[in-house]
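The listed protein sequences correspond, in order, to chains A and B. Counted the way our numbering counts, the first sequence spans residues 614 to 988. Counted the way our numbering counts, the second sequence spans residues 614 to 988.
Please note that the accuracy of each hint is not assured.
Note that identical chains are pooled: a pair holds if it fits in a single copy or bridges any two copies.
[As the list claims (entries may be wrong)] Heads up, simulated BS3-like pairs for lysine-lysine below, C-alpha to C-alpha not over 27 Å straight-line:
1. K786 to K930
2. K807 to K948
3. K966 to K786
4. K786 to K981
5. K930 to K865
6. K957 to K807
7. K730 to K930
8. K930 to K745
9. K781 to K930
10. K745 to K803
No lab work stands behind these hints: they were computed from the structure.
There are 2 protein chains.
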Amino acid sequence: MNNTMNGLELRSLTTSGGQLRLSLETVNLDEPGPEELVVRVEATPINPSDLGLLLGPADVSTLRAEGTPEQPALVADIPQQRLAAIRARLDLPLPVGNEGAGTVVSAGSDVQHFLGKKVGMLGGGMYTQLRKLRAQDCVVLPGEASVEDGASIFINPLTSLGFVETMKAEGHKAIVHTAAASNLGQMLNKICLKDGIPLVNIVRSEAQAAMLRDIGARYIVNSTSPEFQAELTEAVAETGATIGFDAIGGGKLAGQILQAMEIVASRSMTTYNRYGSDTFKQVYIYGGLDTGPTVIDRTFGFTWSVSGWLLFLFLQKADPEVMARMRQRVIDELKTTFVSHYTKTISLNDALKPEILADCERKATGEKYLINPSL
Amino acid sequence: MNNTMNGLELRSLTTSGGQLRLSLETVNLDEPGPEELVVRVEATPINPSDLGLLLGPADVSTLRAEGTPEQPALVADIPQQRLAAIRARLDLPLPVGNEGAGTVVSAGSDVQHFLGKKVGMLGGGMYTQLRKLRAQDCVVLPGEASVEDGASIFINPLTSLGFVETMKAEGHKAIVHTAAASNLGQMLNKICLKDGIPLVNIVRSEAQAAMLRDIGARYIVNSTSPEFQAELTEAVAETGATIGFDAIGGGKLAGQILQAMEIVASRSMTTYNRYGSDTFKQVYIYGGLDTGPTVIDRTFGFTWSVSGWLLFLFLQKADPEVMARMRQRVIDELKTTFVSHYTKTISLNDALKPEILADCERKATGEKYLINPSL
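Chain A extracted, bound-state conformation (with noise of 0.2 Å):
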């Protein structure tokens, strides 16, 4: 005898004609294997990480709906241009949203004690009614929380945990961080402050600076200041900073970041060496707010490197030692330093609807969606 069972699960279609396309569709979902679990998703957030997979290199000023009020879709271009750079999806209905929570509605032989339990899970494909996935992917929800509380518990803490551990494990005491002000950056300030770490945030406006001051940050730098590249000095001078995370990816910026840190090391230099310190010097990219090119002016020696950072491949390689640490103080903390705030609770059909993705995509208005799609 074989169960199954099926529900709503949004997909995003990008063509080889040009055509961004979203829509819902019924999936069907056999019984779970020994070690898996169908989970009823009832909390799965828009995240800025989700947009990349869920809109491509659409033109959003170009979404409009499409579809019929039964089979709702939302459409888009794509400048003909920018196909090249996604070859490898055209044409392919894909999944999208990286993490969510829910309630366990059936269990494999081996996990049956997750039953009827609220999850927090990551693995991609959560804009979805059912999800069927590993119970080693999931994490069972302390008694006190609530699925929303649940919804974001892997991308932003892992990230901001993770830096963390990077950063230990290549022997740096301070961090630089870009974009500081985000969900992410709130929750770094938050660890970074309760491990004696001295952190760096890079902010672009005064709002954005005078926010993390409230919750306790002590080193603000404000990029738009005419004297930006004289304060990051001092900020990194004051806190021995060597590693940086950068969430903006294009221009100048990752450049500056290194340029402050040798101009502190060469301060310690006896002698003149043109190739300059031999302090090691890291920035890593991690996002992609500005899509552009780096340009990064190579003012700084050799001992230096500009590298991309992945959540994803820093927990393939993590040590499970590290990892279960991690995702016991995400839990033991979900309530202080790795709650989210949302802005508002959507329905799958509503995910759909051009002006709430063009809300998302304008990333700065502080909206932050969370999609409930058992609505």
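Using the hints provided, position chain B relative to the given structure of chain A.
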């Protein structure tokens, strides 16, 4: 009793007034310590890697002779806006010359067996008649080798061997090299051909390509070809290269190499991943033939790194066993793999002639000067 010796030494002075001044100064040397040698320098090359210290950021078109026949000097103007970048060396008369060879004329008590021997030397300040240094920074040349043979046995040989050691230590199996027709690039070809390591040579002209083909190079890509990116990608596919060494630094080339590697990696991916492949791709920048900014168009996911690479730091960190193996190989293959060609031998006085330094600065002319300070 204290015997002193004296000789002339070339000094490079950059003044806060915006002038470069090269001159010959008389230096007095005390007797060598127990593990030190005094060497009469007889052959020391003007390498591209010497020009930064020698000329600083001076405007080469303003080079002019000053001083007297007994005390010649060479001066040039430094544009005001370039002074900030060299603040640390302003008003210091710096010795120049990374490597050289000569005859040991005095030896400390523990290293008497060096006396009278011809040695190759590393350590800076080689544009001098007498150089005192630690015996461990010298290598005794084999019997049949001249000082000309031994003048360049460190920088290019150890750099090219260092690339191969770095490749192995970091788990790659083939190399991309830019400015591949250089002396260093030719050595790297000989090493890789001998050791069976696939090497992609990026050159800038058909003449350079033909020259490398003549010495047996198999993978050669011309960056001036209209199909450069596609041709580079195919060479990367054939070799499996995931590490590159770039002498140029400025411009888009480092990013183009990473993109070629990513395109090759993505060919074997079975599912779409918007974060790119998980194949780690590394480009090391080890020179600055183009001092403009490095422009990285991040079209290759998150599993990449662009870093500085510096021989001196590599040697500092290298295992003593690896170091010994590298040095021995240089001696063993001094007349084959590691042979250097010079077009002219000049005196210290000649090195202060405007036309000669202007020649050195036009890197592509094929002129390669060797200074004999004892002339």
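Consistency of the hints with the structure:
When the C-alpha separation of K786 and K930 is checked against a cutoff of 27 Å, the pair qualifies both within a copy, at 21 Å, and between copies, at 21 Å. Taking the shortest alpha-carbon separations for K807 and K948, only the intra-copy value of 15 Å comes in at or below 27 Å, while the best inter-copy value is 62 Å. Proximity of K966 and K786 under a CA criterion of 27 Å is satisfied in neither setting, with 45 Å inside one chain copy and 50 Å between copies. For the identical chains of this complex, K786 and K981 are neighbours neither inside a copy (32 Å) nor across copies (46 Å), given an alpha-carbon limit of 27 Å.
In this assembly of identical chains, K930 and K865 lie within 27 Å of each other by CA distance neither inside one copy nor across copies; the values are 30 Å within and 30 Å between. With identical chains, the CA atoms of K957 and K807 are never at most 27 Å apart, being 30 Å at best within one copy and 65 Å at best between copies. Within a single copy, K730 and K930 get their C-alpha atoms no closer than 29 Å, and across copies no closer than 52 Å, so neither meets the 27 Å cut-off. For the homomeric pair K930 and K745, the shortest alpha-carbon distance inside one copy (25 Å) is at most 27 Å, but the shortest distance between copies (49 Å) is not.
For the homomeric pair K781 and K930, the shortest alpha-carbon distances inside one copy (15 Å) and between copies (20 Å) are both at most 27 Å. When the C-alpha separation of K745 and K803 is checked against a cutoff of 27 Å, the pair qualifies neither within a copy, at 33 Å, nor between copies, at 56 Å.
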